[in-house]
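Chemist: Protein chains in written order, with our numbering: chain A, 1 to 449; chain B, 1 to 449.
Treat the hints with care, since some could be wrong.
Within a straight-line C-alpha distance of at most 20 angstroms, the following computed PhoX-like cross-link-like pairs (lysine-lysine) qualify [to be verified]:
| # | chain 1 | residue 1 | chain 2 | residue 2 |
| --- | --- | --- | --- | --- |
| 1 | A | 13 | A | 223 |
| 2 | A | 314 | A | 298 |
| 3 | B | 300 | B | 314 |
| 4 | A | 168 | A | 157 |
| 5 | B | 109 | B | 440 |
| 6 | A | 109 | A | 314 |
| 7 | B | 314 | B | 289 |
| 8 | A | 83 | B | 439 |
| 9 | B | 289 | B | 300 |
| 10 | A | 81 | B | 440 |
| 11 | B | 13 | B | 223 |
| 12 | B | 219 | A | 219 |
| 13 | B | 298 | B | 314 |
| 14 | A | 89 | B | 440 |
| 15 | A | 109 | A | 440 |
| 16 | B | 109 | B | 439 |
| 17 | B | 89 | A | 440 |
| 18 | B | 223 | A | 223 |
| 19 | B | 306 | B | 289 |
| 20 | B | 83 | A | 223 |
| 21 | A | 219 | B | 223 |
| 22 | A | 89 | B | 439 |
| 23 | B | 446 | B | 109 |
| 24 | B | 314 | B | 109 |
| 25 | A | 314 | A | 300 |
| 26 | A | 289 | A | 300 |
| 27 | B | 83 | A | 439 |
| 28 | A | 89 | B | 13 |
| 29 | B | 89 | A | 443 |
| 30 | A | 443 | A | 109 |
| 31 | A | 81 | B | 439 |
| 32 | A | 439 | B | 81 |
| 33 | A | 83 | B | 440 |
Hints listed in this document are in silico derivations from the structure and should not be mistaken for laboratory results.
Each chain, letter by letter, is given below.
Number of protein chains: 2
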Amino acid sequence: MSLTNASPVDAAKAANGASRILATLPASARNDALTAIHAGLAEARDEILAANARDLELARVAAESGQLSQSLVSRLDLGKKGKWEDMLKGILDVRDLEDPVGQITLRTKLDDGLELTRVTCPIGVLLIIFEARPEVIANIASLAVKSGNAAILKGGKESTESFVAISKVISAALEKTQVPNDAIQLVTTRDAIQQLLDQDRYIDLVIPRGSNELVRHIKSNTKIPVLGHADGLCSIFLEQSADPNMAAEILVDSKTSYPAACNSLETLLIQESALESLWPGAAEALIAKGVTIRCDAKAKAAITSKISSDLSSKIEDVQDSDFDTEFLNLTLAVKTVSGLDEAVAHINVHGSGHTDAILTSSSELAEKFMSSVIAAGVYWNASTRFADGMRYGFGTEVGISTNKIHARGPVGLDGLTTYMYKLRGQGHVTATYGEGPGKKPFKHEKLTL
Amino acid sequence: MSLTNASPVDAAKAANGASRILATLPASARNDALTAIHAGLAEARDEILAANARDLELARVAAESGQLSQSLVSRLDLGKKGKWEDMLKGILDVRDLEDPVGQITLRTKLDDGLELTRVTCPIGVLLIIFEARPEVIANIASLAVKSGNAAILKGGKESTESFVAISKVISAALEKTQVPNDAIQLVTTRDAIQQLLDQDRYIDLVIPRGSNELVRHIKSNTKIPVLGHADGLCSIFLEQSADPNMAAEILVDSKTSYPAACNSLETLLIQESALESLWPGAAEALIAKGVTIRCDAKAKAAITSKISSDLSSKIEDVQDSDFDTEFLNLTLAVKTVSGLDEAVAHINVHGSGHTDAILTSSSELAEKFMSSVIAAGVYWNASTRFADGMRYGFGTEVGISTNKIHARGPVGLDGLTTYMYKLRGQGHVTATYGEGPGKKPFKHEKLTL
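Generate coordinates for the entire structure from the input sequences, incorporating the hints supplied.
Modeler: See below:
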């Protein structure tokens, strides 16, 4: 890893050159580099946590004067229980995953002696722009090295001391490996983001990790493809046949287990015929966990008499704009719908294509919901919070994509690869094939992988 | 198909609505629509060819006055031998391909009763912008319907009569099927391209089919992902151990079988040690086919005494800019290199990532070349002209992509799909999983597809 004060253009150029070397390294060399990074970080624990403490100190002061949010301070803290250990374990987890590069995904005999293969390969150079969380640097470096991609990392200024400490260690660790030092670059230059976004000649993919505003800004200001999501407006449709206890538990988990996460619930759609049977119990469970419920008239009427009056302050009137709002806190927008069709139509207009669920006992309705909603994840009787690379079994993730192009949903190593076609012949020319005298057809024989 | 004079915004909106219905149709309904389109076109042959003759008449007049190129007139002609039949056959070929939608590509048991699947699905709405060739409308409509995508088609003004005639027939054919009429829209409004490119809310992917200038213009003027290529600058590296006859044949096929195609050869890199042994024979074969060879000093010196003087006008001096030029005609740029590393370095700087080949008897060098060149296709001892969806066995293609993201190389039905994750649970919540008391780990059991 280079810790560079070089210009963003030079960083991008150097990363591009390094990516070509990295792309030709065998899995063993890439895995060895991850072993070395892990060992280096483990050894440098104290100095990295000391650097992190200096970042934290400044951030706490800024938070007290209202310049930074408390949640940002919390995300910054590498000393938080389990965070350091998780970061180190993540590196070895990634190392031990199957090699995503060099996988043959298609093999066709075009003719005798002429064989086509489709082989997975790295994309090239990734640009990762992230805000406070310093452990991201180790996660992303691991995923990039494992998938054979070079990466340029640009972190938020709040975690500069932590980044610099971590990257010095990673840099020293890579020195002893075959992975070129320029393959992972940390750009610390101020105001470098726009210059990096202009390097579409050298950078192949941008992955922003941060606020909706950051992602939207990046999407509007680069020609490089952007992988990720601006909004995570997840909805659940509560159908009349759902089990009442299951419904309450899933709603509570989806809304309250981490309200600031992109996979948390923001809109609840209730079938009108379930307003009396299912909604009061679910509402009570949500309110008991501190959720403020913004209801339309019917949903409000169904619960006002059933919720004790000291909790009535938690019931508000919903505004139209609430259905387009990612609250990221304990507020939930609630709308009454006639049935599945109206629920699907609402989600396809107001949702963000992230993750949406149906709670129902009918497999027929569940399947209909899951094939009609346009989203990266569609769930039946499960919490929207499962939308996560670790939970999906991908080891870790670089982010969750709501793009329809390339990778969708939680993106692990697969999403950091592309493919190329290799054709091996023995002097074959195209003029041989076709219709008419002296021409022959292709064989197009599917070969086993 | 709607033949619309509606505003581009309304066309995009309507296509988006139709795409949601199309996405839920079973394969049988999509295939039936292709059968109906085929039958409709077969029946309307005479009136469509008459409309095409009117386009041709105007185009010939324009060509005579120099306003249109002869090659455009030729591409416009649906009556050319075999073209009509190929167009009709293509519809049935696509219909008979495996359904690209609903394929399960991953199945994981996250826990008892909690199963994750990854399922292929349509992307949504495609915008196809193309120039003269009227048969594209039938190809693209077939691929779109088969893959469950809605498509907006915007053709060049030279083929308006043909487009309108074909789209009327397709529209009438779709009336009798389950595919919504708005799923395939032909926009005939003048100057609609920029308005369509602005509809990133309703359109998911743009596929331009036309000149490099058209593609570059589109890439610079939309936030919608663009699939395709601006340049096809293909190179061949002639290594010293190559078989002389094979080398000459492959070079001739790559350069001369269709010089205007994107997969044709533009740059030849010759190993210095092959200048005396391989180059004179290859040069003679190329010149005999009418190729003008632009050589660097060494490559020129190696052949001037060996080529008869009446052909010497076909040998020119190369300029640096020639190595960045897609000639699209019978001109070839020739450069002498010391060996494989220099060849790879040249290609990775000057090539367009389309298709590049090595001619060699050494499998070791071939494999090194194929893992070092950054391109959608890397070939060993085969003509670059094999880069084509039909030749690859994909039935047909919507274009050839030099993107590294999403689809690369010739793009068939696969490239018109994305995937979604479906999670089926029985009330599962995320709070159950993790470390510590009362928590449990995920099972992450890989299930057979």
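Chemist: Could you run down the list of hints and mark each one as holding or not?
Modeler: Each hint, compared with the structure:
Distance check on the hinted pair: residue 13(A) and residue 223(A) sit about 17 angstroms apart at the alpha-carbon level, within 20 angstroms; holds. For the proposed pair residue 314(A) and residue 298(A), the alpha carbon gap of about 16 angstroms is at most 20 angstroms, so the pair holds. For the proposed pair residue 300(B) and residue 314(B), the alpha carbon gap of about 11 angstroms is at most 20 angstroms, so the pair holds. For the proposed pair residue 168(A) and residue 157(A), the alpha carbon gap of about 17 angstroms is at most 20 angstroms, so the pair holds.
Taken as a hint, the residue 109(B) and residue 440(B) pair is honoured in the structure, with Cα atoms around 14 angstroms apart against an allowance of 20 angstroms. For the suggested pair residue 109(A) and residue 314(A), the alpha carbons sit about 66 angstroms apart, so the restraint of at most 20 angstroms is broken. Taking the CA atoms of residue 314(B) and residue 289(B), the gap is near 11 angstroms; set against the 20 angstroms cutoff, the hint holds. Proximity of residue 83(A) to residue 439(B) is assessed by CA-CA distance (about 18 angstroms); at most 20 angstroms being required, the pair is judged to hold.
Simply put, residue 289(B) and residue 300(B) have alpha-carbon atoms about 18 angstroms apart, close enough for the 20 angstroms limit, and the pair holds. Taken as a hint, the residue 81(A) and residue 440(B) pair is honoured in the structure, with Cα atoms around 19 angstroms apart against an allowance of 20 angstroms. As the CA atoms of residue 13(B) and residue 223(B) are separated by approximately 17 angstroms, the hinted pair is consistent with the 20 angstroms bound. Our distance criterion of 20 angstroms between C-alpha atoms is met by residue 219(B) and residue 219(A), whose separation comes to about 14 angstroms.
Straight-line distance between C-alpha atoms of residue 298(B) and residue 314(B) comes to about 16 angstroms, which keeps the hinted pair within the 20 angstroms bound. Distance restraint check for residue 89(A) and residue 440(B): the Cα-Cα separation of roughly 18 angstroms lies within the 20 angstroms cut-off, and the hinted pair is therefore satisfied. This hinted pair checks out: residue 109(A) and residue 440(A) have alpha carbons roughly 15 angstroms apart, not beyond 20 angstroms. Distance restraint check for residue 109(B) and residue 439(B): the Cα-Cα separation of roughly 18 angstroms lies within the 20 angstroms cut-off, and the hinted pair is therefore satisfied.
At most 20 angstroms may separate the alpha-carbon atoms for a hinted pair to count; residue 89(B) and residue 440(A) meet this at roughly 18 angstroms. Of the pairs offered as hints, the one joining residue 223(B) and residue 223(A) holds, with about 8 angstroms between alpha carbons and a cut-off of 20 angstroms not exceeded. For the suggested pair residue 306(B) and residue 289(B), the alpha carbons sit about 17 angstroms apart, so the restraint of at most 20 angstroms is met. Using a Cα cut-off of 20 angstroms, the hinted pair residue 83(B) and residue 223(A) is violated, with the two alpha carbons roughly 38 angstroms apart.
At most 20 angstroms may separate the alpha-carbon atoms for a hinted pair to count; residue 219(A) and residue 223(B) meet this at roughly 8 angstroms. As the CA atoms of residue 89(A) and residue 439(B) are separated by approximately 19 angstroms, the hinted pair is consistent with the 20 angstroms bound. Between the alpha carbons of residue 446(B) and residue 109(B) the distance comes to roughly 6 angstroms, so the proposed pair stays at or under 20 angstroms and holds. As the CA atoms of residue 314(B) and residue 109(B) are separated by approximately 66 angstroms, the hinted pair breaks the 20 angstroms bound.
Simply put, residue 314(A) and residue 300(A) have alpha-carbon atoms about 11 angstroms apart, close enough for the 20 angstroms limit, and the pair holds. Taking the CA atoms of residue 289(A) and residue 300(A), the gap is near 18 angstroms; set against the 20 angstroms cutoff, the hint holds. A threshold of 20 angstroms between alpha carbons decides the hint, and for residue 83(B) with residue 439(A) the separation of about 18 angstroms falls inside it, so the pair holds. With a CA separation close to 48 angstroms, the supplied pair residue 89(A) and residue 13(B) exceeds the 20 angstroms bound.
Restraint check: the Cα-Cα separation between residue 89(B) and residue 443(A) comes to about 18 angstroms, which is no more than 20 angstroms; the hinted pair holds. The hinted pair formed by residue 443(A) and residue 109(A) meets the criterion: a straight-line CA distance of about 7 angstroms does not exceed 20 angstroms. With a CA separation close to 17 angstroms, the supplied pair residue 81(A) and residue 439(B) stays within the 20 angstroms bound. For a cut-off of 20 angstroms, the pair hint linking residue 439(A) to residue 81(B) stands: about 17 angstroms separates their Cα positions.
Under the criterion of a C-alpha separation no larger than 20 angstroms, the hint pairing residue 83(A) with residue 440(B) is consistent with the structure, at around 19 angstroms.
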